[in-house]
Amino acid sequence: MKELLVEKSYSSVYDKLKRNSLKQANNIRKINWGDFIYEKLTLFFAIIVFLLVVVMGYEMYVNSKLSIDKFGWKFLSEKTWDPVTEIYGALPSIVGTLVSSFLALLIAFPLSIGVAIYLSELAPSWLEKPLSFLVELLAGIPSIVYGLWGIFVLVPWLRTEVQPFLYEHLGFLPFFRGPMYGFSILAASLILSVMVLPIISSISRDIMRSVPSVQKEAALALGATKWEATKIVLANSKTGILGATMLGLGRAIGETMAVTMVIGNRPIISLSLFDPGYTMASIIANEFTEATSELYISALIELALILFIITIVINAAARFLVWSLERKWKKI
Amino acid sequence: MRNKIMLLFLLIVGATKFSIAQVQLNAAGATFPYVIYSKWFDEFKKITGIQINYQSIGSGGGIKQVIEGTVDFGASDGPMSDEQLNEARQKRGTDIVHIPTVLGAVVLSYNLREVNKPIKLDGKTIADIFLGKINMWNDKRISELNPDVKLPNKSIIVVHRSDGSGTTYIFTHYLSKVSEEWAKRVGYNTSVNWPIGLGGKGNEGVTGVIKQTDGAIGYIELAYAVKNKLPYALIKNKSGNFVEANFKSVTAAAAGAIKDIPEDLRAMITNADGKDSYPISGFTWLLVYRDMKDKSKAEALVKFLKWAMEKGQAFAEELYYAPLPKAIVKLNEKKINSLTVNGKPIKVK
Numbered sequence: 001m002k003e004l005l006v007e008k009s010y011s012s013v014y015d016k017l018k019r020n021s022l023k024q025a026n027n028i029r030k031i032n033w034g035d036f037i038y039e040k041l042t043l044f045f046a047i048i049v050f051l052l053v054v055v056m057g058y059e060m061y062v063n064s065k066l067s068i069d070k071f072g073w074k075f076l077s078e079k080t081w082d083p084v085t086e087i088y089g090a091l092p093s094i095v096g097t098l099v100s101s102f103l104a105l106l107i108a109f110p111l112s113i114g115v116a117i118y119l120s121e122l123a124p125s126w127l128e129k130p131l132s133f134l135v136e137l138l139a140g141i142p143s144i145v146y147g148l149w150g151i152f153v154l155v156p157w158l159r160t161e162v163q164p165f166l167y168e169h170l171g172f173l174p175f176f177r178g179p180m181y182g183f184s185i186l187a188a189s190l191i192l193s194v195m196v197l198p199i200i201s202s203i204s205r206d207i208m209r210s211v212p213s214v215q216k217e218a219a220l221a222l223g224a225t226k227w228e229a230t231k232i233v234l235a236n237s238k239t240g241i242l243g244a245t246m247l248g249l250g251r252a253i254g255e256t257m258a259v260t261m262v263i264g265n266r267p268i269i270s271l272s273l274f275d276p277g278y279t280m281a282s283i284i285a286n287e288f289t290e291a292t293s294e295l296y297i298s299a300l301i302e303l304a305l306i307l308f309i310i311t312i313v314i315n316a317a318a319r320f321l322v323w324s325l326e327r328k329w330k331k332i
Numbered sequence: 001m002r003n004k005i006m007l008l009f010l011l012i013v014g015a016t017k018f019s020i021a022q023v024q025l026n027a028a029g030a031t032f033p034y035v036i037y038s039k040w041f042d043e044f045k046k047i048t049g050i051q052i053n054y055q056s057i058g059s060g061g062g063i064k065q066v067i068e069g070t071v072d073f074g075a076s077d078g079p080m081s082d083e084q085l086n087e088a089r090q091k092r093g094t095d096i097v098h099i100p101t102v103l104g105a106v107v108l109s110y111n112l113r114e115v116n117k118p119i120k121l122d123g124k125t126i127a128d129i130f131l132g133k134i135n136m137w138n139d140k141r142i143s144e145l146n147p148d149v150k151l152p153n154k155s156i157i158v159v160h161r162s163d164g165s166g167t168t169y170i171f172t173h174y175l176s177k178v179s180e181e182w183a184k185r186v187g188y189n190t191s192v193n194w195p196i197g198l199g200g201k202g203n204e205g206v207t208g209v210i211k212q213t214d215g216a217i218g219y220i221e222l223a224y225a226v227k228n229k230l231p232y233a234l235i236k237n238k239s240g241n242f243v244e245a246n247f248k249s250v251t252a253a254a255a256g257a258i259k260d261i262p263e264d265l266r267a268m269i270t271n272a273d274g275k276d277s278y279p280i281s282g283f284t285w286l287l288v289y290r291d292m293k294d295k296s297k298a299e300a301l302v303k304f305l306k307w308a309m310e311k312g313q314a315f316a317e318e319l320y321y322a323p324l325p326k327a328i329v330k331l332n333e334k335k336i337n338s339l340t341v342n343g344k345p346i347k348v349k
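These protein sequences, in sequence, are chains A and B. Mapping of the first sequence onto our numbering: position 302 corresponds to residue 302, and the numbering continues sequentially without gaps. Mapping of the second sequence onto our numbering: position 310 corresponds to residue 310, and the numbering continues sequentially without gaps.
These aren't lab readings, by the way, just hints derived from the structure by calculation. Misleading hints may appear alongside valid ones.
Okay, derived cross-link-like pairs now, DSSO-like style, lysine-lysine, Cα gap no bigger than 27 Å in a straight line [stated by the list, open to error]:
| no. | chain 1 | residue 1 | chain 2 | residue 2 |
| --- | --- | --- | --- | --- |
| 1 | B | 91 | A | 65 |
| 2 | B | 248 | B | 117 |
| 3 | A | 79 | B | 133 |
| 4 | B | 184 | A | 70 |
| 5 | B | 344 | B | 293 |
| 6 | B | 311 | B | 227 |
| 7 | B | 211 | B | 229 |
| 8 | B | 293 | A | 74 |
| 9 | B | 91 | A | 70 |
| 10 | B | 293 | A | 79 |
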């Protein structure tokens with residue numbers, strides 16, 4: 001993945017030439033059976049992955065048919081989630097998922113890039129190794145541990161320190177109003193930002209490091225400052241960093257356990273970040289085990305389907321963004 | 001020499017007896033009674049060698065697996081609906097029998113540092129707190145119930161379960177019984193559309209939120225309140241007495257509700273009659289097939305059910321469940337004796 005992202009930023013003309021010459025070589029050469037089997041076998045594995053995605057989507061569609069037929073598109077705009085009267089709507093949880101994830105990204109992105117720049121460009125090697133290790137360690141902590149830390153440390157701190165502070169200084173904005181429980185969209189976003197930080201920063205660091213040092217050295221030789229040299233590195237790894245960010249976003253959208261523990265689990269839409277919210281993954285995890293009626297289960301599976309589609313759409317959008325930016329930058 | 005032969009003989013007999021009893025039962029369902037069930041299965045295995053594998057996947061899952069016939073028996077905190085029973089009858093060709101095993105109590109725990117004796121609440125007040133109509137601790141309606149307690153001028157923070165659970169089912173069932181408005185606006189189920197409040201995941205989640213939040217109130221299973229040393233309210237029962245939740249008052253509730261319990265034992269006993277009855281409590285059930293196919297499994301199951309009624313009840317209190325009243329045990333035994341294997345009664349010594 002990392003290599004792929006890096007390669008992309010290099011000339012695709014070279015790739016094309018390479019591919020063409022390979023094709024010609026293949027035509028001249030007699031068919032080697034070992035190569036043939038090797039190619040088909042790996043193709044088979046690649047197809048399995050594709051099929052898996054298709055089958056998953058199809059299964060979710062079939063199992064949520066009941067709810068899709070009953071609610072139609074209204075499922076996306078309905079605000080109520082009521083298992084008693086069996087009215088189900090996904091809007092609050094879709095909003096909750098997107099808001100908490102993007103907010104997490106907003107917090108984590110600048111931090112991650114800072115970490116990546118320091119680790120790849122500036123840190124002395126005796127400090128770089130342990131720091132890198134710690135950052136990667138963050139990625140390996142199970143999300144339930146983050147959740148517990150959230151309940152016992154983050155939430156009380158938010159309630160007694162951060163929220164009153166924000167209310168006092170930024171209370172004129174609608175985002176920082178209302179009762180301060182601690183359990184809130186804000187808490188979820190902060191936890192998520194800690195969770196995506198290691199992903200974005202460690203991938204970005206690897207990408208920045210793989211930029212040929214000749215470029216940087218040349219800039220330094222011409223009298224550029226460290227920051228100016230870093231800018232050259234950043235310019236070369238733009239697309240890769242964007243890809244890393246999207247990976248982080250993917251993690252944030254799908255995260256369940258830690259979010260459930262701190263978000264307050266209430267299906268409402270509110271401007272204030274102090275209010276509790278709900279995410280799609282949390283509803284599914286919370287209610288699936290005790291859901292007894294067919295429609296209830298079907299509605300939960302439809303939520304999963306929507307989450308699945310949102311993830312695919314965001315990934316596709318990211319790919320498209322990378323692709324179009326690449327073209328634009330090439331022209332320059 | 002003779003002793004040695006004797007010993008060898010005994011060993012062989014013991015071994016064969018053990019191997020005959022190697023029946024395995026598979027079950028799945030409710031998480032709430034998991035603690036006592038695993039204790040029961042453990043003790044039962046020690047005595048009979050019969051192994052029962054239980055997956056605590058939740059009541060919904062338990063009911064589903066019973067309908068699909070993938071387990072030998074199921075477990076649920078809420079009774080199966082008529083539709084579900086019909087579906088099971090069509091798919092499995094036999095009825096499902098509900099057997100109540102133990103009782104659980106749901107308590108209202110709160111976090112009020114200023115108050116050091118248990119507060120008193122009644123059904124309507126609790127419903128209005130959870131509807132958001134009473135939102136201060138020193139509200140007139142709460143103070144009237146607690147004339148001897150000085151309640152602080154603090155807002156009430158309502159905490160409820162975010163995951164589907166039998167605890168929620170019992171609690172909302174109670175609120176629907178005591179408050180018309182609750183019944184109309186919210187109703188009862190394993191999860192409901194809460195008018196206000198924060199959701200915590202699991203009993204431990206709700207307990208955590210209450211513990212940390214000044215002015216919080218929430219419902220949890222009795223065991224969690226006791227273990228975490230959280231105070232819990234005395235609740236006014238149908239006869240007008242304020243009752244503390246404990247094994248006696250919960251068992252009393254089941255005994256008080258007995259005249260209203262239908263023949264199939266699918267009964268909710270919230271707000272039960274009786275002067276000592278604790279009003280927010282409920283059964284948890286095992287779901288078994290009336291007519292089973294496998295003789296050795298049927299015998300093992302009946303043996304277990306009988307053991308659970310006779311001996312098993314004694315384990316309840318130490319694990320914070322309330323034992324069944326004698327009258328219910330009798331009804332259960334009648335049910336157990338009516339089980340059959342391929343149409344024939346099951347004989348267990």
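*Mind listing which of the numbered hints don't hold for this structure, in increasing order?*
8 and 10
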